[in-house]
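Read top to bottom, the protein sequences are chains R and S. Sequential numbering from 1 applies to the first sequence in the numbering used here. Sequential numbering from 1 applies to the second sequence in the numbering used here.
Just to be clear, a hint being listed does not mean it is correct.
All copies of an identical chain are treated as equivalent in the list; a pair is satisfied when it fits inside any one copy or across any two copies.
In silico PhoX-like cross-links for lysine-lysine, where the CA-CA straight-line distance does not exceed 20 Å [claimed, not checked]:
| no. | residue 1 | residue 2 |
| --- | --- | --- |
| 1 | LYS196 | LYS9 |
| 2 | LYS36 | LYS242 |
| 3 | LYS90 | LYS61 |
| 4 | LYS17 | LYS2 |
| 5 | LYS390 | LYS240 |
Treat the hints as calculated values from the structure; they're not laboratory data.
Number of protein chains: 2
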Amino acid sequence: MKTYNNPEKSSWSSLCKRAQLEASNLQELVESIYAKVASEGDKALLAYTAQFDGVDLKGLKYDNTTETSIDPELEKAIKDAARNIRKFHKAQRPNDVDIETMPGVRCQMLYRPLETVAIYIPGGTAPLFSTVLMLAIPALEAGVKNIYILTPPDKTGGLNPVISKTAQLLGIQDIFLVGGAQAIAAAALGTESITKADIITGPGNQYVTEAKNLAQSEGVLIDMPAGPSELLVWADNTCKAKYVASDLLSQAEHGSDSQVILLCDSIELVNEIQMELDKQIQNLERITFAEKALQNSRAIVLADEGLQIDFVNQYAPEHLIIVKNNAREYLNKIENAGSIFLGNYTPESAGDYASGTNHTLPTYGFAKNYSGVSLRTFLKSITVQEIDEKGMRAIGPKIEKMAEAELLGAHKNAVTLRLNDLL
Amino acid sequence: MKTYNNPEKSSWSSLCKRAQLEASNLQELVESIYAKVASEGDKALLAYTAQFDGVDLKGLKYDNTTETSIDPELEKAIKDAARNIRKFHKAQRPNDVDIETMPGVRCQMLYRPLETVAIYIPGGTAPLFSTVLMLAIPALEAGVKNIYILTPPDKTGGLNPVISKTAQLLGIQDIFLVGGAQAIAAAALGTESITKADIITGPGNQYVTEAKNLAQSEGVLIDMPAGPSELLVWADNTCKAKYVASDLLSQAEHGSDSQVILLCDSIELVNEIQMELDKQIQNLERITFAEKALQNSRAIVLADEGLQIDFVNQYAPEHLIIVKNNAREYLNKIENAGSIFLGNYTPESAGDYASGTNHTLPTYGFAKNYSGVSLRTFLKSITVQEIDEKGMRAIGPKIEKMAEAELLGAHKNAVTLRLNDLL
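My request is simple: use the sequences and hints to build the entire structure.
Dropping the structure here:
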């Protein structure tokens, strides 16, 4: 971790830089995968699975009807986490709006669930069952009827048992063993087995990212743009150095492109945390990832608290831990962050798994304009208006005037005809 | 308008087809415009304005400080419409969420306005001042600090007075005279004069659409995908044929690619409305557009009401007028629509201008997954969690278990360290 002592504001934009994303030129490849999925459907998906995953599958649908057994303590933990996530997302349900904007003019906003949601879960060493919880529970609470999981098969053509169990606990029956850009193409276009999705959610590699980008440009919603995970810890001397170090490491172990930032007002605190980092990192299994991530990472000392606040907002962290005296009082100063963790007993891992908030959050500075996944991600709004005779008499002449000024005679006429009948 | 009498369900997908979008291959051109704007900034914008709009401007910023005079009746209409729009969008403000998901685990959702909003208003014959209202008022109500308008200069290098006045009435001071893909590139990238936007909103031609698409793929939000405007009128014999015809025409006059659909249960009603169409169209200034649009349009007769509901939801209209006995009772059957208009005295023009609802709505079937512009368009959400010692004791072991199962040792360790101190 490199330390910057009271850096000039002019240098902040470079201090806020994330690791460069690989400027991969995958567009042509992904477009060719889309074209093949569009013309050949399921057959193309099975062929890609044979080619890229090295597994010959008979069909795409995974039969998840036999109850899967996992460590009962883990099952209990998943159920408890699910309960917290459900509770927090249920509380996000927006109220319908129903008002008279003027006498006789009633306007409403109603909410409806999306119909079909695709959840992509990558393969690899770690089974991301927590991401199944974070994407499926808000969709279920929103009232989505058709939710399916897309995930590549393991080497034997099977599915990780914890993913299988998590889907069973949530009542998600549709799991398709297909991964990569071809899985996203299937959700974007629809095939014989896989229904075209209204939204495609979930993390993935650069092929998945490019395929989600293409889906979005064709009018399918996606959860948010992809980027490596990141954490900013904003601390003062009320923090415990070993806790801060453990939080920085829990972010750093995600991957070598993860970024962690420590922001505080004292070099001594930085040094203390650095010593804890050096000590704790030795015991990590994922030490190679963590070491690389720490090379991209920064400790920033700013004496002035106003500048600290400005820095947080300019960086716009995915995860923001505030361990300062009266941490809660800083909430109203934060404009840009994905999720905020307050105090010494709120590690990032809590939000990653079980507190109830969503862990699908905007990275890479996108917290400036994107929100994390929420109940609203899976809802759309419809407006309604109803005007009675009195309302039309009052509002009609205004509409006529405005339509005329926009040179739209038929718009005006639709009102004039009615007003004439109401004379 | 072609009539379909009780068409088979298998034919519905072709009946729901919109006019083909021009498969323009503008990507390379728009990418080259982005590249020039990125490297040359304002200078590139002025050069493109000279090239495409035929006007040599000294600077981009339009001086809108001198008060503009317009027809006082029109000014009054704009003010009254603005008041209704403000009232309806203010009522959409979401409540912060603040709950304990379990004892000692507090979770919150807070909302923050986006910082910078770009509003694109196309040039052309009709000055779209109503779109300024529909995009700026929700942004202002959301609390956005930096709102600017991008619009091409007229032939003399000036600005339409009604656009100028509308901006003055709303207090929007920043207007930049630049149009086309270069305007969108400026908002997506930022230049010396124009701040990089968090969201780019507003309608435009195929160059603007392609440029918004590119902005979105680089992580700038856009309001929604573009497509020609459309209307479905769902009627029974309680409707007035001349009103329905006037509504169909007000949609048809938008452009030759507009689409109007009439859905009802009787051929007689179709014929009656068709006669009114033939009569009213003769008096329209925009008869050429309307006639062409009606060629793409359909009257669909379905005897069964359940099938009518299915058809509406499959078509997913941008605008849906319901003129049926007890029209309001059908609201809970509608899953997919941008905005709904109930009864004989609620023409589409009312929502286009003045009822209070937003007229920036999803077209082209995107009402299946997109929402119209609302207050929420200009807000982002941030989650917060705070766990106390009691909460950590309860939730900690669950987090450890889940982190371990995802093979993330440092995530587990961040909790273990804390739990050890709480023994």
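Comparing the hints with the structure gives:
1. Within a single copy, LYS196 and LYS9 get their C-alpha atoms only as close as 48 Å, which misses the 20 Å cut-off; across copies the closest is 19 Å, which meets it.
2. Taking the shortest alpha-carbon separations for LYS36 and LYS242, neither the intra-copy value of 52 Å nor the inter-copy value of 49 Å comes in at or below 20 Å.
3. Within a single copy, LYS90 and LYS61 get their C-alpha atoms no closer than 30 Å, and across copies no closer than 46 Å, so neither meets the 20 Å cut-off.
4. In this homomeric assembly, LYS17 and LYS2 come within 20 Å of each other (Cα to Cα) only inside a single copy, at 14 Å, whereas the closest approach across copies is 58 Å.
5. Only between protomers do LYS390 and LYS240 lie at most 20 Å apart by alpha-carbon distance; the minimum there is 18 Å, versus 67 Å within a single protomer.
Of the numbered hints listed earlier, those contradicted by the structure are 2, 3.
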